[in-house]
Amino acid sequence: MCGFVREEKKEHVIMGKTIAQKIFDIHLVDRPTPDTYVLRLDAVFCHEITTPIAINDLIARGKDRVFDPKKIKAVIDHVTPAKDGNTAAQGKILRDWARRHGIDDFFDIGRNGVCHALFPEKGFVRPGFTIIMGDSHTCTHGAFGAFAAGVGTTDLEVGILKGVCAFRSPTTMKVTINGALPAGVFAKDVILSIIGRIGVNGATDKVIEFGGPAVSLMSMEERMTLCNMAVEAGATCGICAPDKTTVEYLWPFIQEEFTTPQEALEAYARFEPDADAVYDQILTHDVSNLTPQATFGFKPDNIKPVADMAGTLVDQVYIGSCTNGRIEDLRIAAQVLKGQTVHPRVRGIVSPATPKVYAQALEEGILQIFMQAGFCVTNPTCGACLGMSNGVLAEGEVCAATTNRNFNGRMGKGGMVHLMSPATAAATAVAGSIVNSGLFKG
Amino acid sequence: MKPFNGQVLFLDRSDINTDEIIPARYLTEISKEALKPHLLEDLSLEEFDPRADISDKRAVITRSNFGCGSSREHAPWALEVNGIHVVIAQSFARIFRQNMFNCGMLAIELPGTIIDQLFNRFAGRTAEIELDFNNGRLKVKNQEQEEIVPFVISDFDRSLVEAGGWVDFADKHY
Ligand code: SF4
Numbered sequence: 024m025c026g027f028v029r030e031e032k033k034e035h036v037i038m039g040k041t042i043a044q045k046i047f048d049i050h051l052v053d054r055p056t057p058d059t060y061v062l063r064l065d066a067v068f069c070h071e072i073t074t075p076i077a078i079n080d081l082i083a084r085g086k087d088r089v090f091d092p093k094k095i096k097a098v099i100d101h102v103t104p105a106k107d108g109n110t111a112a113q114g115k116i117l118r119d120w121a122r123r124h125g126i127d128d129f130f131d132i133g134r135n136g137v138c139h140a141l142f143p144e145k146g147f148v149r150p151g152f153t154i155i156m157g158d159s160h161t162c163t164h165g166a167f168g169a170f171a172a173g174v175g176t177t178d179l180e181v182g183i184l185k186g187v188c189a190f191r192s193p194t195t196m197k198v199t200i201n202g203a204l205p206a207g208v209f210a211k212d213v214i215l216s217i218i219g220r221i222g223v224n225g226a227t228d229k230v231i232e233f234g235g236p237a238v239s240l241m242s243m244e245e246r247m248t249l250c251n252m253a254v255e256a257g258a259t260c261g262i263c264a265p266d267k268t269t270v271e272y273l274w275p276f277i278q279e280e281f282t283t284p285q286e287a288l289e290a291y292a293r294f295e296p297d298a299d300a301v302y303d304q305i306l307t308h309d310v311s312n313l314t315p316q317a318t319f320g321f322k323p324d325n326i327k328p329v330a331d332m333a334g335t336l337v338d339q340v341y342i343g344s345c346t347n348g349r350i351e352d353l354r355i356a357a358q359v360l361k362g363q364t365v366h367p368r369v370r371g372i373v374s375p376a377t378p379k380v381y382a383q384a385l386e387e388g389i390l391q392i393f394m395q396a397g398f399c400v401t402n403p404t405c406g407a408c409l410g411m412s413n414g415v416l417a418e419g420e421v422c423a424a425t426t427n428r429n430f431n432g433r434m435g436k437g438g439m440v441h442l443m444s445p446a447t448a449a450a451t452a453v454a455g456s457i458v459n460s461g462l463f464k465g
Numbered sequence: 005m006k007p008f009n010g011q012v013l014f015l016d017r018s019d020i021n022t023d024e025i026i027p028a029r030y031l032t033e034i035s036k037e038a039l040k041p042h043l044l045e046d047l048s049l050e051e052f053d054p055r056a057d058i059s060d061k062r063a064v065i066t067r068s069n070f071g072c073g074s075s076r077e078h079a080p081w082a083l084e085v086n087g088i089h090v091v092i093a094q095s096f097a098r099i100f101r102q103n104m105f106n107c108g109m110l111a112i113e114l115p116g117t118i119i120d121q122l123f124n125r126f127a128g129r130t131a132e133i134e135l136d137f138n139n140g141r142l143k144v145k146n147q148e149q150e151e152i153v154p155f156v157i158s159d160f161d162r163s164l165v166e167a168g169g170w171v172d173f174a175d176k177h178y
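Chains as they are written, first to last, in my numbering: chain A, 24 to 465; chain B, 5 to 178.
Each hint should be verified, as a subset may be incorrect.
Facing chain B, according to a computed beta carbon distance under 10 Å, are these residues of chain A, among others [stated by the list, open to error]:
| # | residue |
| --- | --- |
| 1 | V52 |
| 2 | P57 |
| 3 | P75 |
| 4 | A77 |
| 5 | S159 |
| 6 | A258 |
| 7 | K464 |
Every beta carbon over 12 Å from chain B, so not counted as near; a handful from chain A, in silico [what the hints assert, rightly or not]:
| # | residue |
| --- | --- |
| 8 | N109 |
| 9 | N224 |
| 10 | T282 |
| 11 | P284 |
| 12 | D331 |
| 13 | L336 |
| 14 | M394 |
| 15 | N402 |
Just so you know, these hints were derived from the structure itself, not from any lab.
C-beta: ideal position from N, C-alpha, C; glycine also.
Take these sequences, add in the hints, and give me the full structure.
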């Protein structure tokens, strides 16, 4: 609150602003009450699980319209190919709607992938954007310096119809990540350790602004992993200031807009936080001595060092999802798996997050390594991550997963999920029980 | 406005997540009514029997961070089709709370001390609530005693409940 409250009282005094406050300022449409900010949206993302009900409701209200077909992006990703009549119907509703409204950026089977991996890869996310989606891990897109928030179906419906969404003030927790990551320790371990520290309720109703030397060193893929799990601490959005790495990633998509990357960098600098920005909370987190982490219970803040969980038997290893199904993740897992075989008791499943990731992994010989190790390679989909298809657990089974949620029943009723990095998951697949990868020398 | 009065379901745990409220395997349902038998099916809470314990309940009183996890509006819908239109907690996850108001339902936050008191005095036996929306007061009572507690919701949330949800409000204003 602090920044906004003060600003209200003395409008002429310029207070330092956080990234989210800057984005809110330039998107503000209305403040129906002092604590409600109605923002104009730059993009509305849609998938086949939460959007069909919004579409049907709009039809029922006689309001089957979209605010701007160019700003709506849609994908069938959770269950694809459809597994039964219901999921086929969900896909059909989304498909027909996209056609009917001329939504060109609609990704159906063969071109589809996990939403939070696919949309950034297509260049749909830019610094300073406001984005909503009927999906809690929409916070992933904050990696680009955007304000991206998961919403329910009603907010999505209004977003589709009007291109606006209401939020409370963007109270921000700054998390400065210091130090350099030791070998074999990854962005996933960092975010797990932060959630373990602040708890599943630690950032509720707040934006987490990630910064510091360790974040500057991270690739966009790693920043996406970091921001992806912000919601597991209750955050509205995880956000990283745009920098050179952001511009490099985006360059193929923005080269018409700017003459040089330097010019883009200067333009995006307006979404950097001010040095005197007012934060609700500041946390520093040193990762120089961090070890690989994993979850042990049904809450994402039940975190332990992997070493303390060594020997925990697993039935399945799942590598994929919007957290860790990108090319870098597959490369790391392949590095661990190369020349190894999956333990005979373990079922290994890898789901490259997008067709591009799949094609790259194929070209680099990564899929071959997975297959030689005995992994099943699925098409790009959410699949097992939420226990809807492609690797649901049986009662009493245990899965080591690179996903983001270990809730009771998440991957199948009565199943247990341990969250970890792709390196740890790959090593666990070989060992048959949870173990540190050889990449970690600690 | 939706009805808010009736018997209370006490859920004595924090961090009850959306997968526990309505598991993902039911998200392929296209009608809200189909969610009805599955409310709280996966809740980890000792001695909780979803089918028996939910019937006839019209309100939930619980601890902190209720509704954390997924954005699924199926969670409020699963409550709604079971006739539960109000949840009272120490705190809520953001998306869940917003979803409740967007559907014209109530997510009321009360201080931890008051929640403790309500649990101590009323949990484990049949209790009812009566909600005075206009004056921001709720009464929890059983045969022997009652407690009246003031509550505050933002003016915006209030207008959503009055308008019957966010779609109608937004369509009128933007
Ligand atoms: S991969 Fe999992 S967490 Fe990510 S969008 Fe799909 S279901 Fe959700």
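message = For a quick check of understanding: which of the numbered hints are violated here, in increasing order?
response = 7, 8, 9
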